[in-house]
Amino acid sequence: MLGVTTKGALTMGIADDAVEIRAQGWRTLVALHALIENELERSLQTGHDLSVVEFTVLDALSRQDGWHMRMRQLARAAALSSSATTRLVTRLEDRGLLTRILCADDRRGIYTELTPAGWELLAAARPTHERVLRDALAEAAEQPELRTLVDAVHVKTPEVAPAS
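UniProt numbering numbers the first residue of the sequence shown as 1 and each following residue consecutively.
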């Protein structure tokens, strides 16, 4: 059981196994995330000159009608602060992968839109992302401490026969 000392510090009672179990689960989740993120970062940087967060932004935009969304929505989709999103969008805009446009309904609103060059780079990077994610999850599934988490996040998709 958690308690508070007279100085405000948290203490943990010896019998509170649930806290340790949750902490172990959290550490396991962090380990799985780090394993996958490191592999994705290396492969996307090497093969496509994209970071994981840049890929995430391009991917989020590609899934929207018209390939655009408001900056605030994009920040949420990429799990970034507003200022980090602005800096990232500026870098991607400088590379010709995104553009900013004023919202027709609300002149104060700004949309970020995927350019054709951004779409092409994303299309080239997606197979790398999918391969690395599949391989990293398969590798993680071989580690007993990660297997349960992999099973929880692994989505089985039907095998699609190659077009002839």
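Hints should not be assumed to be uniformly reliable.
To be verified - Computed beta-carbon distance windows for the label pairs:
1) Ala23 with Ile101: 43 to 53 Å
2) Glu20 with Asp65: 45 to 55 Å
3) Glu41 with Asp94: 37 to 47 Å
4) Pro116 with Leu35: 41 to 51 Å
5) Asp94 with Val19: 38 to 48 Å
Hint data in this document are derived by calculation from the structure and do not stem from the laboratory.
Note that beta-carbon positions come from the ideal geometry of N, C-alpha and C, so glycine has one too.
Taking the hints in turn, this is what the structure says about them:
1. With their beta carbons about 46 Å apart, Ala23 and Ile101 fall inside the hinted range of 43 to 53 Å.
2. Taking the beta carbon of each, Glu20 and Asp65 are about 47 Å apart, inside 45 to 55 Å as hinted.
3. In this structure, Glu41 and Asp94 break the distance hint of 37 to 47 Å, their C-beta atoms being roughly 21 Å apart.
4. With their beta carbons about 34 Å apart, Pro116 and Leu35 fall outside the hinted range of 41 to 51 Å.
5. Between Asp94 and Val19 the C-beta distance comes to about 47 Å, which sits within the given range of 38 to 48 Å.
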